[in-house]
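J.: These are the residues of each chain, in order.
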Amino acid sequence: DTEVTQTPKHLVMGMTNKKSLKCEQHMGHRAMYWYKQKAKKPPELMFVYSYEKLSINESVPSRFSPECPNSSLLNLHLHALQPEDSALYLCASSQDRGRPNTEAFFGQGTRLTVV
Amino acid sequence: DQQVKQNSPSLSVQEGRISILNCDYTNSMFDYFLWYKKYPAEGPTFLISISSIKDKNEDGRFTVFLNKSAKHLSLHIVPSQPGDSAVYFCAARPTKSGANNLFFGTGTRLTVIP
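For the record, the sequence lines run as chains X and C.
In this text, residue positions in the first sequence follow this note's numbering: the first is 8, and each later residue adds one.
In this text, residue positions in the second sequence follow this note's numbering: the first is 6, and each later residue adds one.
Don't take each hint at face value.
[Claimed, not checked] Within a straight-line C-alpha distance of at most 27 Å, the following computed DSS-like cross-link-like pairs (lysine-lysine) qualify: (1) K43/C x K45/X; (2) K29/X x K10/C; (3) K47/X x K42/C; (4) K45/X x K59/C; (5) K29/X x K43/C; (6) K45/X x K42/C; (7) K45/X x K61/C; (8) K76/C x K16/X; (9) K47/X x K16/X; (10) K42/C x K48/X; (11) K59/C x K47/X; (12) K73/C x K16/X; (13) K47/X x K60/X.
[Stated by the list, open to error] In silico negatives: residues of chain C with every beta carbon more than 12 Å from chain X: (14) Q7; (15) Q11; (16) P14; (17) I25; (18) N27; (19) T31; (20) N32; (21) S33; (22) K43; (23) K61; (24) S74; (25) S79; (26) H81; (27) P84; (28) T111; (29) T116.
Calculated from the structure, these hints are not laboratory results.
Computed from a prediction, not measured in an experiment: that's the story for all the values here.
Think of the CB as a built atom: it goes at the ideal place given N, C-alpha and C, for glycine as much as any other residue.
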């Protein structure tokens, strides 16, 4: 199983809503990532979890709150988002944050629209 | 500041010919490089990678070349097939710094014409 599964695939939410994005992998990877990709732009790193601990937060606004309940799951809780937060949110995993020369596997992404 | 650059936003190639996608980087701390392929509405799919201790890595129809002195890498696809049509992202990682996050280029849309 080399899949990273993200749910939902599409999400439309209002600016006052609270929603969560979910990501799951069963490859035994200990590093998991959230990326954000706007149209015609490259993916940009938001958060990195290593062994279920948050290790990198790329100055992401607090309206995005990540959570790693266990080594297979990664959530991104959303609250009071702005229309400019509309984007494709990608989850990825890799064997170990500290191990070099390992590729990251990406999920299909959640297409988020904030109205 | 874009540390990984793909200066060609698009490339069209005839089926059976070679596709060459280019990538430049500015950060000398990058020492591991990856190419990802992305179809619309899907996440990036890993294609091939190269460590900075090598200058070439080959996997089937895909070959990546690294020129460290020029801070340049390229992906060669030969022969190109219509199913190769997608957006290709170059990515780089500064592993020696202890971080393992990927810095992506802006992508090149490859179209292989049957």
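J.: Next, verify each hint and record whether it holds.
T.: Against the structure, the hints:
1. K43/C x K45/X: Holds - the C-alpha atoms of K45/X and K43/C are around 14 Å apart, at most 27 Å.
2. K29/X x K10/C: violated, 31 Å
3. K47/X x K42/C: Between K47/X and K42/C the Cα gap is close to 14 Å, so the pair holds against 27 Å.
4. K45/X x K59/C: violated, 33 Å
5. K29/X x K43/C: holds, 21 Å
6. K45/X x K42/C: The given pair, whose Cα atoms are some 17 Å apart, holds under the 27 Å limit.
7. K45/X x K61/C: Given that 27 Å is the threshold and the Cα spacing comes to 32 Å, the pair is violated.
8. K76/C x K16/X: violated, 37 Å
9. K47/X x K16/X: holds, 19 Å
10. K42/C x K48/X: Holds - the C-alpha atoms of K48/X and K42/C are around 14 Å apart, at most 27 Å.
11. K59/C x K47/X: violated, 31 Å
12. K73/C x K16/X: Violated, at about 39 Å.
13. K47/X x K60/X: violated, 31 Å
14. Q7: violated, 8 Å
15. Q11: About 9 Å separates Q11/C from the closest Cβ of chain X, which leaves it inside 12 Å; violated.
16. P14: violated, 8 Å
17. I25: Since the minimum Cβ distance to chain X is about 20 Å, I25/C lies beyond 12 Å and the statement holds.
18. N27: For N27/C, whose nearest Cβ neighbour in chain X is about 15 Å away, the distance exceeds 12 Å, so it holds.
19. T31: holds, 14 Å
20. N32: Given a closest Cβ separation of 14 Å, the condition holds.
21. S33: holds, 16 Å
22. K43: At about 9 Å from chain X, K43/C fails to clear the 12 Å cut-off, so the statement is violated.
23. K61: holds, 15 Å
24. S74: holds, 21 Å
25. S79: The claim stands: S79/C keeps its Cβ more than 12 Å from every Cβ of chain X (closest is about 18 Å).
26. H81: With a cut-off of 12 Å, H81/C remains clear of chain X, as the shortest Cβ separation is near 19 Å.
27. P84: Given a closest Cβ separation of 24 Å, the condition holds.
28. T111: violated, 5 Å
29. T116: holds, 16 Å
Going through the hint list in order, the structure does not satisfy hints 2, 4, 7, 8, 11, 12, 13, 14, 15, 16, 22, 28.
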